[in-house]
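First to last, the protein sequences are chains Z and W.
Residues in the first sequence are numbered consecutively from 594, following our numbering.
Residues in the second sequence are numbered consecutively from 594, following our numbering.
Since the hints were derived computationally from the structure, they do not count as laboratory data.
Errors might be hidden in some of the hints.
One copy or two, it doesn't matter: identical chains are merged, so the pair holds either way.
To be verified - Derived DSSO-like pairs: lysine-lysine, alpha-carbon spacing no greater than 30 Å straight-line:
1) LYS671 with LYS688
2) LYS671 with LYS616
3) LYS674 with LYS713
4) LYS660 with LYS671
5) LYS672 with LYS627
6) LYS713 with LYS679
Quick caveat: nothing in here was measured; it's all calculated off a predicted structure.
Protein chains: 2
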Amino acid sequence: MLRINKDSRLPLYYQLSDAIAEKIESGEWGAHTKLPSERELCDIYGVSRATVRQAMQELEINGYIYKVQGKGTFVNPKKIKQDLLKFYSFTEEMKKLGKTPSSSVIDFSVVKCNEKVAKKMRLKPGDPVYQFTRLRLADNEPMMLETTYIPCHRFPGITREMLEARPLYDILTEEHKARLTMAEEIFTPVLVRKNEAELLQYMAQSPGMMIERLTYEEDAIIEYTKGIARGDKFEYRVVLK
Amino acid sequence: MLRINKDSRLPLYYQLSDAIAEKIESGEWGAHTKLPSERELCDIYGVSRATVRQAMQELEINGYIYKVQGKGTFVNPKKIKQDLLKFYSFTEEMKKLGKTPSSSVIDFSVVKCNEKVAKKMRLKPGDPVYQFTRLRLADNEPMMLETTYIPCHRFPGITREMLEARPLYDILTEEHKARLTMAEEIFTPVLVRKNEAELLQYMAQSPGMMIERLTYEEDAIIEYTKGIARGDKFEYRVVLK
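Using the sequences and the accompanying hints, generate a full structural model.
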């Protein structure tokens, strides 16, 4: 059990955090398992209370564990493994996992696109675009926060009510016969900002994945989305040949 | 110029940070451009010094800007866009960009693999593996920190000196005729830990990308690497069909 090496150049809290992460990753401690108390961990690993606290803090930030006031510390469910092989939608992916997806439209407007968005979408600055922000939930738990731009000229008549009622890609492909021929996604690790964290019910300054997506219909870009996904909920997998 | 909206539900620092990020992303402010001083930014955008400081801090954490003591604040070069389409090596990618790659082998040993590594690599716990940690640099600047496991039985005779002299994949494919048939990578956003940050010459608690790689030779796993890349240096791109 004891795997903390006091002669290692690695700090003790770092070794302890790795040892516990290993138990969680290997499945030895499954989802929602209650962890030993701080005092018990001190005894088990022969380290100080301060070391245990620091390790716990790191495990919490990196999404391995969660705390319940007055109840203790528990193992988080495994992250959702999102395969980056073919086009995917949040709605479809969550359904495949047996979760109920939903979206809350936080704001919706038609705006003249600014230079940055115009450049990304190969539009002219000033061209009208829908701009909307959606909080994406699975089983009512916030997972991602996304701001999307869609060109009005290709998709006339989209309303906030439509987005609240149906998945975006259904509206694009069924109502407007869009052909989603290709998408490009860019992944960057970021810290979640305070107002994003509030919506995501997540700790501010925790790690998040920023994902920028451009969706193509032949040569035209019909969607630009900039989103942030909770770092404790997802991991992303690619296969390289 | 003035694009800060005091009636917005978005905090001022957040709007200011976005406005400056936009100038940097659009290329209006190029790499190593000196930013206006804090006082000038207050005047330009009509916000308080505290707001400017908060925005600057966020831009620094997210890798847009860097500070030089006594000189001011400057725009970071654009992140390296790593395409996740086919098998890539750090050495080759840096050369393609005209940078000089190098690696510093921080430690090297032959160990009996533990349960976690055995499970990942489809080995038996206790099987001997090389375990080594390398700091990967480009033009002498630290970019990534990687710990790699390689099965000894398939690749006898690897030494620390070899790794210091040649790229790992050259050793595997040339000396040992390995066929790298496929690789699988998993991306997770994390916070860089203090001792990792010291080696990476990066701020602790800044965003980093954790990348786990499994490299296959047919059905056998011949490499498992767990690395962390500086969040201010790389972004990762996938194309979905």
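Now for the hints, and whether the structure bears them out:
1. In this homomeric assembly, LYS671 and LYS688 come within 30 Å of each other (Cα to Cα) only inside a single copy, at 17 Å, whereas the closest approach across copies is 37 Å.
2. Taking the shortest Cα distances, LYS671 and LYS616 sit within 30 Å of each other inside one copy (12 Å), while across copies they are farther apart (38 Å).
3. When the C-alpha separation of LYS674 and LYS713 is checked against a cutoff of 30 Å, the pair qualifies both within a copy, at 28 Å, and between copies, at 16 Å.
4. With identical chains, the CA atoms of LYS660 and LYS671 are at most 30 Å apart within one copy only, with a shortest distance of 16 Å there and 38 Å across copies.
5. With identical chains, the CA atoms of LYS672 and LYS627 are at most 30 Å apart within one copy only, with a shortest distance of 18 Å there and 41 Å across copies.
6. With identical chains, the CA atoms of LYS713 and LYS679 are at most 30 Å apart both within one copy (21 Å) and between copies (25 Å).
Checked against the numbered hints given earlier, this structure breaks none of them.
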